[in-house]
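Novice: Based on the hints, put chain B in the right spot on chain A.
So the sequence lines, in the order shown, correspond to chains A and B.
Taking our numbering, the leading residue of the first sequence gets 81, the next gets one more, and so forth.
Taking our numbering, the leading residue of the second sequence gets 952, the next gets one more, and so forth.
Honestly, the hints are just simulated from the structure, not real lab data.
Owing to the predicted nature of the structure, the values given are computational and were not obtained by experimental measurement.
Some hints could be false.
Stated by the list, open to error - Subject to a maximum C-alpha distance of 25 Å in a straight line, what follows is the list of computed SDA-like cross-link-like pairs (lysine to any residue):
hint : chain 1 : residue 1 : chain 2 : residue 2
1    : B       : Lys1008   : B       : Glu952
2    : B       : Lys1008   : A       : Asn180
3    : A       : Lys153    : B       : Thr1054
4    : A       : Lys135    : B       : Thr1054
5    : B       : Lys1034   : B       : Glu1010
6    : A       : Lys153    : A       : Tyr134
7    : B       : Lys993    : B       : Gln962
8    : B       : Lys1034   : B       : Phe1012
9    : A       : Lys153    : A       : Ser108
10   : B       : Lys1029   : B       : Ser960
11   : A       : Lys158    : B       : Ser960
12   : B       : Lys993    : A       : Arg123
13   : A       : Lys158    : B       : Lys993
14   : A       : Lys135    : A       : Asn180
15   : B       : Lys1029   : B       : Glu952
16   : B       : Lys993    : A       : Gln149
17   : B       : Lys1008   : A       : Asp106
18   : A       : Lys158    : A       : Ser122
19   : B       : Lys993    : A       : Thr104
20   : B       : Lys993    : A       : Glu132
Said to hold, decoys possible - Across the chosen pairs, the derived CB separations fall in these ranges:
hint : chain 1 : residue 1 : chain 2 : residue 2 : range
21   : A       : Asp111    : B       : Leu990    : 29 to 35 Å
22   : B       : Glu969    : A       : Asn138    : 45 to 51 Å
23   : B       : Arg1031   : A       : Gln149    : 41 to 47 Å
24   : B       : Thr958    : A       : Asn138    : 35 to 41 Å
25   : A       : Ser110    : B       : Val975    : 22 to 28 Å
26   : A       : Met91     : B       : Glu969    : 23 to 29 Å
27   : B       : Glu1036   : A       : Thr85     : 21 to 27 Å
28   : A       : Pro194    : B       : Val975    : 47 to 53 Å
Claimed, not checked - Examples of chain B residues lying across from chain A (beta carbon under 10 Å, computed):
hint : residue
29   : Glu954
30   : Ser960
31   : Tyr986
32   : Val994
33   : Ser999
34   : Phe1016
35   : Glu1019
36   : Pro1021
37   : Pro1059
Note that beta-carbon positions come from the ideal geometry of N, C-alpha and C, so glycine has one too.
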Amino acid sequence: AQTVTQSQPEMSVQEAETVTLSCTYDTSESDYYLFWYKQPPSRQMILVIRQEAYKQQNATENRFSVNFQKAAKSFSLKISDSQLGDAAMYFCAYRSDTGNQFYFGTGTSLTVIP
Amino acid sequence: EPEVTQTPSHQVTQMGQEVILRCVPISNHLYFYWYRQILGQKVEFLVSFYNNEISEKSEIFDDQFSVERPDGSNFTLKIRSTKLEDSAMYFCASSEWETHTDTQYFGPGTRLTVL
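The following block holds chain A by itself, in its conformation from the complex:
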């Protein structure tokens, strides 16, 4: 089975600064999809950004971007110009091209310091 590892249980960042959250995964598949979800306190998980493994270009959504290193099986999330509203639990997730279940990491709790 695929595994997703987030090695940083907690991270903090000063408001307006940049932070990078790490994610690695293990798979033998060549086609798959990677996601970052954000879960604010007492709110549902919402999709932050998505990357298709067959695309070499790193996905970007406004202040959020990823560094996708397929050979290293690494998928980090960079948040630029951090805002107080970015404080949340961030989950990295993997989805196979052939199935519909997500494999999640344990999450990284991000604190934004004013």
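Specialist: Just chain B, lined up with the frame of chain A:
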């Protein structure tokens, strides 16, 4: 923006009792999912559901679990005889399509505590 909703937000039950967790997926979505997260552990897939039948399930989803879409809006997860180890946060999700590019939208979760 449409959201997935779940009730109750917290459910406390005695071991051996049956519980039903409820979810209202986004109205035009066709695929539904349940995940769970035991405290301090990963979010784990339980089951996916489409066209009134299970399309995929994990090994966690044993005979104690069942899912149902009793009407046009609700999607339920039933645990027949709860065990202590069933204590977890249960997330419902839905997606419009099953394609690999489609986004799964998650509900806020139901925290189940089994005493």
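Novice: State for each hint whether it applies.
Specialist: Outcome of the hint check:
no., hint, in the structure
1, B:Lys1008 - B:Glu952, "violated, 29 Å"
2, B:Lys1008 - A:Asn180, "holds, 10 Å"
3, A:Lys153 - B:Thr1054, "holds, 22 Å"
4, A:Lys135 - B:Thr1054, "holds, 17 Å"
5, B:Lys1034 - B:Glu1010, "holds, 16 Å"
6, A:Lys153 - A:Tyr134, "holds, 13 Å"
7, B:Lys993 - B:Gln962, "holds, 20 Å"
8, B:Lys1034 - B:Phe1012, "holds, 13 Å"
9, A:Lys153 - A:Ser108, "holds, 10 Å"
10, B:Lys1029 - B:Ser960, "holds, 15 Å"
11, A:Lys158 - B:Ser960, "violated, 32 Å"
12, B:Lys993 - A:Arg123, "holds, 17 Å"
13, A:Lys158 - B:Lys993, "holds, 22 Å"
14, A:Lys135 - A:Asn180, "holds, 20 Å"
15, B:Lys1029 - B:Glu952, "violated, 28 Å"
16, B:Lys993 - A:Gln149, "holds, 23 Å"
17, B:Lys1008 - A:Asp106, "holds, 21 Å"
18, A:Lys158 - A:Ser122, "holds, 23 Å"
19, B:Lys993 - A:Thr104, "holds, 14 Å"
20, B:Lys993 - A:Glu132, "holds, 22 Å"
21, A:Asp111 - B:Leu990: 29 to 35 Å, "holds, 33 Å"
22, B:Glu969 - A:Asn138: 45 to 51 Å, "holds, 47 Å"
23, B:Arg1031 - A:Gln149: 41 to 47 Å, "holds, 45 Å"
24, B:Thr958 - A:Asn138: 35 to 41 Å, "holds, 39 Å"
25, A:Ser110 - B:Val975: 22 to 28 Å, "violated, 37 Å"
26, A:Met91 - B:Glu969: 23 to 29 Å, "violated, 40 Å"
27, B:Glu1036 - A:Thr85: 21 to 27 Å, "holds, 23 Å"
28, A:Pro194 - B:Val975: 47 to 53 Å, "violated, 36 Å"
29, Glu954, "holds, 7 Å"
30, Ser960, "holds, 8 Å"
31, Tyr986, "holds, 7 Å"
32, Val994, "holds, 4 Å"
33, Ser999, "holds, 5 Å"
34, Phe1016, "violated, 15 Å"
35, Glu1019, "violated, 19 Å"
36, Pro1021, "violated, 22 Å"
37, Pro1059, "holds, 4 Å"
Hint violations for this structure: numbers 1, 11, 15, 25, 26, 28, 34, 35 and 36, all remaining hints satisfied.
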